[in-house]
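Engineer: Here's the letter readout for the chains.
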Amino acid sequence: MELSGGEIVIQCLKDEGVEYLFGYPGGAVLHLYDAIFHQDDVKHILVRHEQAATHAADAYARATGKAGVVLVTSGPGATNAVTGIATAYMDSIPMVVISGQVPTAVIGSDAFQEVDMIGITRPCVKHNFLVKDISDIAETMKKAFYVATTGRPGPVVVDIPKDITDPNIKIPYHYPDSISMRSYNPSVQGHTGQIKKAVELLLTAKRPVIYSGGGVVIGEASKELTELTRYLNFPITNTLMGLGAYPATDKQFVGMLGMHGTYEANLSMHQSDVILAIGVRFDDRVTGKLAEFCPNAQIIHIDIDPASISKTVKVDIPIVGDVKPVLLQMLALIKQQHKPDAEPLARWWAQINQWRTSKCLEFDRSSTEIKPQRVVEQLYEITKGDAYITSDVGQHQMYASQFYHFDKPRRWINSGGLGTMGFGLPAAIGVKLAFPDADVACITGEASIQMCIQELATALQYNTPIKIINLNNGYMGMVRQWQEFNYESRYSQSYMDTLPDFVKLAESYGHVGIRVERPEDVMPALEKAFAMKDRTVFLDIITDRTENVYPMIETGKGHQEMTLRVAPGTPIDRELA
Amino acid sequence: MRHIISILMENEAGALSRVAGLFSARGYNIESLTVAPTEDTSLSRMTLVTRGNEEIIEQITKQLNKLIDVVKLIDLADISHVERELMLVKVKTTLNNREEIKRLADIFRGKIIDVTNNSYMIEMTGSSEKLDAFVESLNDENIIETVRSGPTSMSRGEHGLHL
Ligand SMILES: Cc1ncc(C[n+]2csc(CCOP(=O)(O)OP(=O)(O)O)c2C)c(N)n1
Ligand SMILES: [Mg+2]
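Chains as they are written, first to last, in my numbering: chain H, 1 to 577; chain P, 1 to 163.
Bear in mind the hints are in silico, worked out from the structure with no lab data behind them. In this text, all values refer to a predicted model and were calculated from it rather than measured experimentally. Check before you lean on any hint, since a few could be wrong.
What the hints assert, rightly or not - Here are the simulated lysine-lysine pairs, DSSO-like style, with alpha carbons at most 27 Å apart:
1) P:K66 <-> H:K311
2) P:K62 <-> H:K142
3) P:K72 <-> H:K142
4) H:K132 <-> P:K72
5) H:K311 <-> H:K197
6) P:K66 <-> H:K66
7) H:K408 <-> H:K528
8) P:K66 <-> H:K314
What the hints assert, rightly or not - Label-pair ranges, simulated between beta-carbon atoms:
9) P:G21 <-> H:E554: 55 to 63 Å
10) P:E83 <-> H:P167: 52 to 60 Å
11) H:E292 <-> P:I107: 53 to 61 Å
12) H:E220 <-> P:I79: 33 to 41 Å
13) P:L16 <-> H:P167: 32 to 40 Å
14) P:T38 <-> H:P103: 27 to 35 Å
15) H:E220 <-> P:M1: 35 to 43 Å
16) P:R109 <-> H:G193: 47 to 55 Å
17) H:Q189 <-> P:I107: 54 to 62 Å
18) P:E83 <-> H:H191: 28 to 36 Å
Using N, Cα and C, we set each Cβ at its ideal position, and we do this for glycine too.
Bound conformation, chain P alone:
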């Protein structure tokens, strides 16, 4: 099963490599990983997407908790949460398909943020599935490049992951 693990950790050099190293050394898989400082600059927040059965996920969370730099973590799969990923897509445009691509982006609530004679850059956020669906709806040949942030996520309601 897919799990999103949110980790609050000391914003120290090397903290990221401790997490990445743990996953490679123990053979766990990482589907995506995003990290950035929080409003408290001494802390970073990492969102890590992984897959595994219950035992593996239990080991992953225990091993992560054991890292000295990890302050707190939460497995969001256990609770109601919101998930958002950011994607930028650059597509080739021609006189014929410009309108259609624009319409498609609108349907998916994407924004065209850069335009040239023969290309669009589209910005889109949403669940990973929505981004997948948009990419699929584009003609492969038109895609110049895509970049995705990997999911970030938060639990719903008044509680949160903080000190």
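Just chain H, same shape as in the assembly:
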């Protein structure tokens, strides 16, 4: 079979089993778009901004575990994609981004729509390739998928100059079945000796905690994690990225940890003697002040990326390896031995249960204003905890993570590492394409939603009925909260004076818009929205603008210094500017 470069790229995607290609055309990729026109195996999703293509592909990957695929043109198309590439990179999401480039002959001459995509993306990709010869395309594409999806996953950029995809130059096509690279060996087996040591330490622990993160979701090790945790009867906390890897409704789950984690999760960490850290990276939003982090704990850390181990927190027993087989090995070893001493563990649980009585997430349920936390609870009720939830960045994201109890992995889709506003809506579209029969809701804020609002058009074109839950507090709430706490309520530029009428906006994009202003109207509106199975519904919910996210570890403080709401259930009303 003789194919042109453009046809080869698309054929590679077919052979790789790619379902959706998220993209936006332009001069440098016109040959590729012509190749797309001549087939319909790979479905192209035309977004309205390249950033959205990357977020949609990224979320598709988060929900399915398969690589998300993006196609953008050179220059501005490529730079628009960078935010989404960095977002995927920070959360280790497999993604292949194909960018057009100016013809080889003019590279380096500041040609029209030329940017050095390889240079620009170098710090935020797992790897990138510039294709210099048509005969390299197939192998490079294979490598791109291989690198993106194996080991610690991440985005890979393939930059293709226009002349390489010329329809008039054809060569025989062959897509390699498999590939190996001498400089890249992603599969690592956990060291048996280290695993033994870890098991011994775990079985002598008196105040243990399991601290698990996104690596368990990515490593498909949720089942093994759950089995191990239940067998040991240890308390478990998840990071923002790890939510759902362990069922949140289980009694051993003590909640998320970190800046807006629960009191019981953070204090358990602080007072623990042994921590089993799995697929986590000791991010600063998790650890708080490093010097005060878990002062009495011996730490076991399982991670596929050696560079994540002892990067910020020195650990005692590092285990480099794929989490799933390591957990299986641990389980097998543990089952050969007697269970940990029940008595100290019982005392530890008593202590944790005492911390739980602080009810650190409680809020004022009698308020006449709509409390955002309550909206998330109601969303949880109506979707029976089984929806895919995407989110943007801000207070609403934290409420979502605290009040939607994820029992399954890959259901919670948010930008954790980069914290990218604008992620939620395109992400919801990507998820809905992957799972057309599932409920998909985007929990967002009135500021975040405006960063990719144009994707409402994409949602209509591809018929991806999603529910947008806009927790509209009239402020960049998270910014306002920090200004309230740290800048004596000087709300500098965190208020937007001219919000659009979101109902009309949704309608003008061909969707349903509903504005909700009273607490008692929330549930009926949600019911109405979810009853409209084939419509995208924008719920503009006017929430209490003074509400803050609690509990909180303020920057520079340790886990033991959490700020709780003054008295549980008491609203803190402050004058807003």
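Let chain H serve as the given structure and place chain P with the ligands on it in line with the hints.
Structural biologist: Then chain P with the ligands, alone, in the frame of chain H:
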């Protein structure tokens, strides 16, 4: 502490910028860096001199290993090794100091490889300290220019850094 890291990497365009970019993005310092293809032209060998405490060096080697183009690396500070740097120095000469400079170069096992009426170019290899010592022994005012390759290095004995 000073570390010499030897890196074997794919001889690809951009490989060097990945290493340099990693160091600047993560705030590690590079004292010197030399790179050239090896006898296997698909591979380049880089010698990188950096400083840092144990934790930083551990992170540096882990992060370097993570780069897809890096095939293998070794921290030579951990093992017995030989280190050589090449320097060219151009000095002003007068009738009075010509002999003295020549003698000095001889003592340091340098070679005079270019001569004009009023200048010498001296070639010298050795450890970086030896090159420092030679430069110091010259009168500053006589130095027209110097250029140094940065250290290159190999472990002693039969083992080596190869595929
Ligand atoms: C692209 C981008 N720009 C700026 C920020 C900083 N930031 C974090 S939260 C936030 C406010 C978000 O406001 P909104 O979407 O209304 O959510 P709320 O906090 O009110 O729930 C801002 C500006 C960011 N995370 N991302
Ligand atoms: Mg807001």
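Engineer: Against each hint, give a clear statement of whether it holds in the structure.
Structural biologist: Each hint, compared with the structure:
{"no.": "1", "hint": "P:K66 <-> H:K311", "result": "holds, 14 Å"}
{"no.": "2", "hint": "P:K62 <-> H:K142", "result": "holds, 26 Å"}
{"no.": "3", "hint": "P:K72 <-> H:K142", "result": "holds, 23 Å"}
{"no.": "4", "hint": "H:K132 <-> P:K72", "result": "holds, 26 Å"}
{"no.": "5", "hint": "H:K311 <-> H:K197", "result": "holds, 21 Å"}
{"no.": "6", "hint": "P:K66 <-> H:K66", "result": "holds, 22 Å"}
{"no.": "7", "hint": "H:K408 <-> H:K528", "result": "holds, 26 Å"}
{"no.": "8", "hint": "P:K66 <-> H:K314", "result": "holds, 19 Å"}
{"no.": "9", "hint": "P:G21 <-> H:E554: 55 to 63 Å", "result": "violated, 34 Å"}
{"no.": "10", "hint": "P:E83 <-> H:P167: 52 to 60 Å", "result": "holds, 55 Å"}
{"no.": "11", "hint": "H:E292 <-> P:I107: 53 to 61 Å", "result": "holds, 58 Å"}
{"no.": "12", "hint": "H:E220 <-> P:I79: 33 to 41 Å", "result": "holds, 40 Å"}
{"no.": "13", "hint": "P:L16 <-> H:P167: 32 to 40 Å", "result": "holds, 35 Å"}
{"no.": "14", "hint": "P:T38 <-> H:P103: 27 to 35 Å", "result": "holds, 33 Å"}
{"no.": "15", "hint": "H:E220 <-> P:M1: 35 to 43 Å", "result": "holds, 41 Å"}
{"no.": "16", "hint": "P:R109 <-> H:G193: 47 to 55 Å", "result": "holds, 49 Å"}
{"no.": "17", "hint": "H:Q189 <-> P:I107: 54 to 62 Å", "result": "holds, 56 Å"}
{"no.": "18", "hint": "P:E83 <-> H:H191: 28 to 36 Å", "result": "holds, 33 Å"}
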